[in-house]
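Enquirer: Heads up: the sequence shown begins at 1 in this note's numbering, then just goes up one per residue.
If you're looking for bench data, these hints aren't it; they were derived computationally from the structure.
Keep in mind that this is a model prediction, so the values were computed, not measured.
Don't take each hint at face value.
Beta-carbon label-pair distances, calculated as ranges [said to hold, decoys possible]: (1) Leu130 to Ala101: 17 to 23 Å; (2) Pro37 to Met132: 42 to 48 Å; (3) Leu141 to Arg111: 40 to 46 Å; (4) Gln83 to Ser43: 22 to 28 Å; (5) Glu6 to Arg111: 27 to 33 Å; (6) Thr97 to Glu6: 50 to 56 Å; (7) Leu88 to Leu144: 55 to 61 Å; (8) Gln143 to Leu165: 52 to 58 Å.
Virtual Cβ for every residue (Gly too), placed ideally from N, Cα, C.
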Amino acid sequence: MAAILEQVRQRANFACEYCGVTEEDSGGKLTIDHFQPRSKNGSDSLENLLYCCIRCNQYKQNYWPENPDQPSLWNPRQEPAFQHFLQLDNGTLYPLTSTGAFTLKRLRLNRSFLVAHRLKKQQREKELRLLMRYQELVKVLAQLQMQLSDLIEEQQTLLKEQQELLILLLNRKN
(Lines of atoms letter the chains of each structure in order from A and count residues from 1; the text may use other names and numbers.)
(Lines give C-alpha, C1' and ligand atoms only; values in the text may rest on other atoms or scores of the structure.)
Protein backbone atom coordinates (compact mmCIF):
# COMPACT_ATOMS: atom_id res chain seq x y z
CA MET A 1 0.00 0.00 0.00
CA ALA A 2 2.92 2.37 0.71
CA ALA A 3 4.03 2.12 -2.92
CA ILE A 4 0.54 3.06 -4.13
CA LEU A 5 0.42 6.02 -1.75
CA GLU A 6 3.79 7.23 -3.02
CA GLN A 7 2.56 6.83 -6.59
CA VAL A 8 -0.54 8.95 -5.80
CA ARG A 9 1.69 11.57 -4.16
CA GLN A 10 4.06 11.77 -7.13
CA ARG A 11 1.24 11.72 -9.67
CA ALA A 12 -0.22 14.80 -7.94
CA ASN A 13 3.18 16.49 -8.05
CA PHE A 14 3.13 16.72 -4.24
CA ALA A 15 0.11 19.06 -4.26
CA CYS A 16 -3.53 18.82 -3.19
CA GLU A 17 -5.48 17.81 -6.25
CA TYR A 18 -8.44 19.94 -5.16
CA CYS A 19 -6.87 23.25 -4.11
CA GLY A 20 -3.25 23.08 -5.32
CA VAL A 21 -1.54 23.58 -1.94
CA THR A 22 1.82 21.80 -2.01
CA GLU A 23 3.70 19.88 0.63
CA GLU A 24 6.12 22.79 0.75
CA ASP A 25 3.24 25.21 1.41
CA SER A 26 1.80 23.04 4.17
CA GLY A 27 5.10 22.05 5.73
CA GLY A 28 4.73 18.30 5.26
CA LYS A 29 3.04 15.47 3.47
CA LEU A 30 -0.65 15.73 2.64
CA THR A 31 -3.33 13.06 3.04
CA ILE A 32 -4.86 10.51 0.72
CA ASP A 33 -8.56 10.91 -0.04
CA HIS A 34 -10.87 8.27 -1.45
CA PHE A 35 -12.90 10.24 -4.00
CA GLN A 36 -15.69 7.72 -3.54
CA PRO A 37 -15.36 7.01 0.18
CA ARG A 38 -14.77 3.47 1.35
CA SER A 39 -17.88 3.86 3.51
CA LYS A 40 -19.82 4.39 0.26
CA ASN A 41 -18.29 1.35 -1.50
CA GLY A 42 -15.25 3.22 -2.81
CA SER A 43 -12.17 1.19 -3.67
CA ASP A 44 -8.46 1.57 -3.03
CA SER A 45 -7.84 1.69 -6.78
CA LEU A 46 -5.37 4.25 -8.01
CA GLU A 47 -8.06 6.19 -9.89
CA ASN A 48 -10.16 6.56 -6.71
CA LEU A 49 -7.25 7.89 -4.64
CA LEU A 50 -6.46 11.61 -4.58
CA TYR A 51 -3.63 13.47 -2.89
CA CYS A 52 -5.39 15.96 -0.68
CA CYS A 53 -4.59 18.59 1.94
CA ILE A 54 -6.04 18.06 5.38
CA ARG A 55 -8.50 20.98 5.01
CA CYS A 56 -10.00 19.80 1.74
CA ASN A 57 -10.19 16.26 3.13
CA GLN A 58 -11.97 17.50 6.27
CA TYR A 59 -14.44 19.62 4.30
CA LYS A 60 -15.16 16.82 1.84
CA GLN A 61 -15.56 14.25 4.62
CA ASN A 62 -17.21 11.13 3.22
CA TYR A 63 -19.49 12.95 0.80
CA TRP A 64 -20.84 10.88 -2.03
CA PRO A 65 -24.14 11.51 -3.84
CA GLU A 66 -26.69 8.90 -2.74
CA ASN A 67 -29.04 9.62 -5.65
CA PRO A 68 -28.94 11.48 -8.99
CA ASP A 69 -30.62 14.56 -7.46
CA GLN A 70 -27.66 15.23 -5.19
CA PRO A 71 -24.80 17.35 -6.54
CA SER A 72 -21.51 15.79 -7.56
CA LEU A 73 -18.05 16.89 -6.50
CA TRP A 74 -15.46 17.72 -9.13
CA ASN A 75 -13.07 14.81 -9.67
CA PRO A 76 -9.59 16.19 -10.46
CA ARG A 77 -8.54 12.77 -11.75
CA GLN A 78 -11.16 12.88 -14.50
CA GLU A 79 -11.58 16.53 -15.49
CA PRO A 80 -9.29 19.58 -15.51
CA ALA A 81 -10.15 22.41 -13.12
CA PHE A 82 -10.75 24.91 -15.95
CA GLN A 83 -13.88 22.98 -16.94
CA HIS A 84 -15.49 23.89 -13.63
CA PHE A 85 -13.70 27.00 -12.33
CA LEU A 86 -12.39 30.30 -13.59
CA GLN A 87 -9.64 31.92 -11.55
CA LEU A 88 -10.26 35.64 -11.30
CA ASP A 89 -7.57 38.31 -11.03
CA ASN A 90 -8.36 38.75 -7.33
CA GLY A 91 -7.42 35.12 -6.65
CA THR A 92 -10.93 33.79 -6.15
CA LEU A 93 -12.43 30.93 -8.10
CA TYR A 94 -15.66 31.47 -9.99
CA PRO A 95 -17.83 28.41 -10.69
CA LEU A 96 -18.56 27.62 -14.32
CA THR A 97 -20.74 24.58 -13.66
CA SER A 98 -23.07 23.31 -10.95
CA THR A 99 -20.37 20.77 -10.05
CA GLY A 100 -17.90 23.63 -9.74
CA ALA A 101 -20.29 25.65 -7.56
CA PHE A 102 -20.95 22.69 -5.26
CA THR A 103 -17.24 21.83 -5.01
CA LEU A 104 -16.32 25.47 -4.24
CA LYS A 105 -18.89 25.56 -1.47
CA ARG A 106 -18.25 22.09 -0.03
CA LEU A 107 -14.44 22.34 -0.01
CA ARG A 108 -14.42 26.10 0.70
CA LEU A 109 -11.98 26.65 -2.13
CA ASN A 110 -12.27 30.42 -1.75
CA ARG A 111 -11.07 30.41 1.86
CA SER A 112 -8.78 33.36 2.54
CA PHE A 113 -5.59 31.29 2.75
CA LEU A 114 -6.21 29.77 -0.70
CA VAL A 115 -7.07 33.13 -2.26
CA ALA A 116 -3.81 34.57 -0.85
CA HIS A 117 -1.95 31.45 -2.04
CA ARG A 118 -3.31 31.84 -5.58
CA LEU A 119 -2.45 35.56 -5.62
CA LYS A 120 1.10 34.80 -4.48
CA LYS A 121 1.37 32.10 -7.16
CA GLN A 122 0.08 34.53 -9.81
CA GLN A 123 2.68 37.07 -8.69
CA ARG A 124 5.49 34.46 -8.86
CA GLU A 125 4.38 33.43 -12.35
CA LYS A 126 4.27 37.08 -13.43
CA GLU A 127 7.76 37.65 -12.01
CA LEU A 128 9.04 34.50 -13.72
CA ARG A 129 7.64 35.64 -17.09
CA LEU A 130 9.27 39.03 -16.54
CA LEU A 131 12.58 37.40 -15.63
CA MET A 132 12.44 35.23 -18.76
CA ARG A 133 11.75 38.34 -20.85
CA TYR A 134 14.74 40.10 -19.25
CA GLN A 135 16.91 37.08 -20.02
CA GLU A 136 15.80 37.22 -23.66
CA LEU A 137 16.64 40.93 -23.75
CA VAL A 138 20.08 40.29 -22.26
CA LYS A 139 20.74 37.75 -25.04
CA VAL A 140 19.58 40.24 -27.68
CA LEU A 141 21.80 42.95 -26.16
CA ALA A 142 24.79 40.57 -26.16
CA GLN A 143 24.15 39.78 -29.84
CA LEU A 144 23.85 43.47 -30.66
CA GLN A 145 27.07 44.18 -28.79
CA MET A 146 28.87 41.49 -30.82
CA GLN A 147 27.46 42.90 -34.04
CA LEU A 148 28.52 46.40 -33.00
CA SER A 149 32.04 45.14 -32.20
CA ASP A 150 32.20 43.48 -35.62
CA LEU A 151 31.02 46.69 -37.30
CA ILE A 152 33.58 48.79 -35.41
CA GLU A 153 36.33 46.37 -36.41
CA GLU A 154 35.18 46.47 -40.03
CA GLN A 155 35.02 50.28 -39.91
CA GLN A 156 38.56 50.45 -38.54
CA THR A 157 39.77 48.17 -41.33
CA LEU A 158 38.06 50.37 -43.93
CA LEU A 159 39.49 53.53 -42.37
CA LYS A 160 42.97 52.01 -42.46
CA GLU A 161 42.52 51.07 -46.14
CA GLN A 162 41.22 54.56 -46.86
CA GLN A 163 44.22 56.09 -45.10
CA GLU A 164 46.58 53.92 -47.16
CA LEU A 165 44.81 54.96 -50.37
CA LEU A 166 45.06 58.62 -49.43
CA ILE A 167 48.77 58.24 -48.74
CA LEU A 168 49.23 56.58 -52.15
CA LEU A 169 47.31 59.38 -53.86
CA LEU A 170 49.28 62.07 -52.08
CA ASN A 171 52.58 60.36 -52.95
CA ARG A 172 51.57 60.22 -56.64
CA LYS A 173 50.91 63.94 -56.75
CA ASN A 174 54.27 64.75 -55.24
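Enquirer: It remains to establish, for every hint, whether it holds in the given structure.
Expert: Taking the hints in turn, this is what the structure says about them:
no.	hint	verdict
1	Leu130 to Ala101: 17 to 23 Å	violated (34 Å)
2	Pro37 to Met132: 42 to 48 Å	holds (43 Å)
3	Leu141 to Arg111: 40 to 46 Å	holds (45 Å)
4	Gln83 to Ser43: 22 to 28 Å	holds (24 Å)
5	Glu6 to Arg111: 27 to 33 Å	holds (28 Å)
6	Thr97 to Glu6: 50 to 56 Å	violated (32 Å)
7	Leu88 to Leu144: 55 to 61 Å	violated (40 Å)
8	Gln143 to Leu165: 52 to 58 Å	violated (33 Å)
Checked against the numbered hints given earlier, this structure breaks hints 1, 6, 7, 8; the rest are met.
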